[in-house]
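Colleague: Chains W and L, in that order, are what the protein sequence lines are.
The numbering of the first sequence is this note's numbering, which starts it at 717 and goes up by one.
The numbering of the second sequence is this note's numbering, which starts it at 340 and goes up by one.
Just so you know, these hints were derived from the structure itself, not from any lab.
Incorrect hints may have been included.
[Unchecked claim] Cβ-to-Cβ under 10 Å is the rule here; a few derived chain W residues that face chain L: (1) Glu1093; (2) Ile1095; (3) Arg1426; (4) Ser1441; (5) Leu1451; (6) Arg1454; (7) Leu1456; (8) Thr1460; (9) Gln1462; (10) Glu1464.
[To be verified] Which bits of chain L does chain W cover? Going by a derived footprint, with three or more residues having C-beta under 8 Å, they are: (11) 397-405; (12) 434-446.
It should be emphasised that the depicted structure is a prediction, and the values quoted were computed from it without experimental measurement.
Glycine included, each C-beta is placed from N, C-alpha and C at the ideal position.
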Amino acid sequence: MIVEEITIRNWRSYREPHTFRFDEGFNLLVGRNEAGKSTLFEAFTRVLFDRHTSTAEKIRQIQPLGSSLGPEATIFFQANGNRYKVWKRFLKTPASEFFTWRGDRWELDHEGDAADNAVREILRGETPPGASQTKHRGLCQALWYLQDDAPLPEGAWAEGVNEGLSGIVSLAVKSPEEDQILKKIEKVYSAIYTSKNGEVRSKSDLALLQKEIQDIEEELQTLHERARRAEALRLELESFAGQQQMKDAALKAAHAEVADLKQKLKEGAALEEEKNQKEETLRRIKETREKLAGDLAAIDKRITQINELKRDLEEEQRETEVLQADARIEQRTADAHHNTWKTVHEPELRQVEKDLGILQAIERIRRFEEEVARVLEEIGRIETTETEFRKRQQELSTTPLPRKKDLKRYQDQKLELATVNGQIEQAAIRIGFDLQAEDISIITEPDVERLTEDGEYLVLGPTKFTIGDLGTITVRGGGSSLEELQAKAESLSTEIASIFEHFGVADEQELSDLQQRRQDLEQEIKRLKKTLEDLTSKKGLDQLKEDVARTRQKITDERSKLSATPPGWQDLSGDVIREMSEDLAQKKEELNKKIEHEQDREAEARTAFAEASRKAEEASSHLVELKTEIRGLRRANDETLKSYSTYENLQAALAKETEALKQAEEDFAGLLTEYRIRVEEPRAQYDEALERLRGLEEQMQSVEREIVDRNARIEEAVSKDFYSSIGDQEALLDLKRRKLDQVTRQAEAVKLLRDMVQAFKKEQSTALSGPVADLMTRWVVMLTNGSYDSVQMNENLFPVGILNPQYNEALPLDNLSYGTREQVIVLLRLAMGVLLSNDERNLVVIDDRLVNADPVRMRRLCQILEEVATNHCQVVVATCNDTPYAGIQGEVIWVPGDGEVADQSS
Amino acid sequence: MVRFLHTADWQIGMKAAHAGEKAKVVRQKRFDAASRIVELAEEKDVDFVILAGDTFEDHNVGDVAVKRTVDILNQLGSTPVYVLPGNHDPMVPGGIWDRDSWKRIDQHVTLLREQQEYRHSDDVALYACPLAQKQSSLDPTARIPRREDGDNRIRIGVAHGSLNILPDRVNFPITADRPEQSGLDYLALGDWHSHLTSGRAVYPGTMEPTSFSEKDSGNVLIVEIEEAHAEPQIEVCPVNSLTWVGITPEISTVDDVEMLDRTIRDLGPLASVLLKISPDLSGCTDSRALQRLETLREEVRESAFFLEWIDPVHQPVISGGADRIPDGILYEVDEALATILDGRIPEGPGHQFADQDPEVVLAARLLLHRLAGGRSA
């Protein structure tokens, strides 16, 4: 298929109609970026492959901006030896028309959808409802390499190649009948299998049948389960019925046995009566004999006990006597010890204590006396100090003695006076007379102070100076301030004088001395007070006096104890007394130890005595108990023998009863054997039989309950009529399975047929792919100047590697640079185009895919393009730079920018 | 003289799965046949009715079916009915005879539970051989006591099992000379679904056919025995409403198809006919015959009560005419398929398919021809 002309209008930037005519060889579509080159190719694909009624996003995008007009285009093209024209308008009043050139005019063949289909049919693409995606462009997919196209993933490429090559095949065969049948095969196949991976479609008859069968089988399983349950219940029921039969038979047998035993028991009733009587007799004789034997045995036993007790009694008596003797000995020992310490050691101790007490008393008296003296002395000191203290205080209070502040006040005043005087002196008029004669007298009135012997006078107020006979000078004075100062000075002088007067001093020195005196007095008073406080810190004067009185009383008391003092002792010295006291103390200690020792011994003896007495007492009590017991036993024997008079009588009676018992036992033994056979055994058997019967009845009831239960469950299980349902489902299943077999075989047949067709197609296609590979290899060698040679392709004619002859190693295509890969793909499409253009030219479109080619490569590519365009295909290359293509003979089509109408020129 | 109706193998509740979508109707027809039997019994004024086993198809038959059977039997009113448990409805705990729905049966119906003599009247004694399990290799009639000297009653055995003259039947085998051995005037049997007489041992067959393989079913017997030792007079009375026919025609030509058509038409109104047709097409090379057969199939499917058409696995593939395969890939594919069907390995791309299932290969080839002939897949 080649394109002759395209007119485009209201299409993106093409608002006005634009017509582009194409040469059947090489066409260079030149335009700036965004000029509309790709838009032209877009128009190709939309018009040739999309439904005119499509409103997909990609279709809406072709509308010019801000316009609601319908994009439309007309394409004139040639295919299969015919000329065709197709016109389509999208979106606004969409329409489609398909024309064929017949004779001398265009004839409208189809409109609308039929027109769409007719175009696709010619190009052998599919007719899906979608937009013109690469994979749907059929033959053209192999040849058109547009800007929007990614460098195809392999699957889509394979499909495209297959389409391309199947186009070759169909071109080669030229059989519409075959084509029709092939389409039918494909259609039948698609109805069953998915095109993607050949799996059975979920909505196909086969899949639906399989699902139906599965559902029926599940339903049948449920129904069969019910049948199995019912059967299981029947088996259980059968088992219970069997048990019921067995138990019924057993019950009958048990009833019979019980009846038989009952009869036997009835027959044995009289024998039982006799047995009871004899048993009673035997029991009585036994009782009597036992009583006699018991009495005799008791009496014998007691006699034995009495004899034992007597022996014990004697022994106990001996022991008691021994214990009593021991007690007495211990008592005597204790008394002896007591006497020793009481009568010997204690009096001696008394004496020693007495002597010691006397010595101690003497010592105490002496100590007390010393104490008294000390305290008296202390009292004296206190009193002296107190007297001194009072005297000083008296002096201080009665004698006017200046304080420091008084002195300070005097000094301040004095200072102030000096200051004032100074001021006065400064303020005063100082007059000095420098007289020639030294004996001229100067008389002032009032007197004024002469400051120096030089004759300067200090004039403070109006003063009259009579200078000898010379005359008088009257000075008025210093003014009011001077008067004030004078007044102040006077006042200060008066105060100072009063101070002196107050304290009776004449001058500052005396004042100072008085103040010092005051200070001394105060210090002394302070010191005496401190001394007094120290002396009376522990005890006050009164208390000390009391202590003296008490101590004296103690002395008096001690003295009173010294009534029996040995002569001369009071005169002993302290050392002697101490020595004597030590001796006496030691002696006292020794006596105390002795007394203690004797007392311990006495205590031990007394303890031993108590113990011996206690034991003797116990033994004595035991003796009494033994005697009492013996008496008791004797009384018991007497009591027992009352019934028999004598012991011998008792023995005789026992012998008699023993004989009677023997006889009775013999009689009873004989009866017992018969009783066991005729009564006891049947009774035991009867009880057992009754027990068995009851057990069997319970078991029977249990089995019957189980039977009722199983019957009810069976009734319930079969009440739903699942049996018929099983039949219906089995019939349906059988039908479906047969259908499934049929459908499965048919599906497999379809698959087999299709696979075979594909295999044959592929063989033919593969046979034809050799030329593609050869052409590719020649061009790659040419393009890369031998750096690479053969291109390796897989079975789908997809290039997967390229051979590097230098290293004799195949490189994956991905290892090549992007530009080289692009170039290889372009070459592949050109090769496809050449192959597909055996009978008629086909259009190969390359939309700006060679931008990454360097100038050398570009030149070589141009050679290839020219070769292809000249000899085989219609080639349209879109570019924004026509320079690299300058050497190629062909049509240059300028694409105007901004919707300008282009003026085409070759 | 005694006259009784002998029937058996009612198989009430049978699934009839092989009747396909008509299974329900087939089941229903059996009740109709049972009702006709009741009418016939009254019409013939029989002394009693013997139902010799397999009254019900299975213990799990639904309550509705049991109740309906009880209602039908109860219609006999005062005519005694003797019902024998067979191998499909043996006397087992929890079985069909213990069902509440069966217990509504009237007193004129006697379930022959025990292997004993049942005295119908002073002159007629029945010796019942009820089955208590589904399978056994023991003869259920072995314990029928011999006729004692002086016993001049009409002695009728009632049993269910396989006479040892029947081929490949081993369940509850019954010796064919049991009547002679035990001094029976008549041995009323059940189990074999076709009417069959072997001396005094007689099968009435099922009252309504149950499969395509039964030859003479759909009947009940009216039996008259004059006196002890007398020969039983048997009247066969058809009561069935459906006919089951199986045909395996050899089709080679159109004439064969026409003959088949006639055979089918001779069966009568197809509305009550269940047809099973398995054509043998191994010798057919005539595509017209195949087409005619196809047409006949559709005609019969529409008019027959039920049609099971078994497509032969091995069908001929006839080339030429409208099925002409165009030259090219398809021709080569067809050649390859034919080669494989011949048991050879084709050359070229077809060789990889040489191990395909021949049935699938044939179907593929037929499909190709069908599509080439303009027909649908």
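Colleague: All the hints need checking, so say for each whether the structure fits it.
Modeller: Each hint, compared with the structure:
The interface hint given for Glu1093 (chain W) is violated, since its Cβ lies 140 Å from the closest Cβ of chain L, which is over the 10 Å cut-off. Because the closest C-beta pair between Ile1095 (chain W) and chain L is about 139 Å apart, greater than 10 Å, the hint is violated. Taken as an interface hint, Arg1426 (chain W) checks out: its beta carbon lies about 6 Å from the nearest beta carbon of chain L, inside 10 Å. At a threshold of 10 Å, the smallest CB-CB gap from Ser1441 (chain W) to chain L is about 9 Å, leaving the interface hint in force.
The restraint placing Leu1451 (chain W) at the interface with chain L holds, with a minimum CB-CB distance near 6 Å, inside the 10 Å limit. Checking Arg1454 (chain W) against chain L by beta carbon gives a least distance of about 9 Å; that is within 10 Å, so the hint holds. Hint on Leu1456 (chain W) is violated. Least Cβ distance to chain L is approximately 14 Å, over the 10 Å limit. Contact between Thr1460 (chain W) and chain L, as hinted, is supported at the beta carbon level, the nearest pair being about 9 Å apart and thus within 10 Å.
Evaluation of the Gln1462 (chain W) hint against chain L yields a held restraint, the C-beta minimum of about 6 Å falling below 10 Å. The closest approach between the C-beta of Glu1464 (chain W) and any C-beta of chain L is roughly 4 Å, which is under the 10 Å cut-off, so the hint is satisfied. Coverage of the segment 397-405 of chain L by chain W holds. Counting CB-CB distances below 8 Å, 8 residues qualify, and the rule asks for three or more. Residues of the segment 434-446 of chain L with a Cβ under 8 Å from some Cβ of chain W number 4, which satisfies the need for three, so the listed coverage holds.
Hints 1, 2 and 7, counting from the list given before, are not met by this structure.
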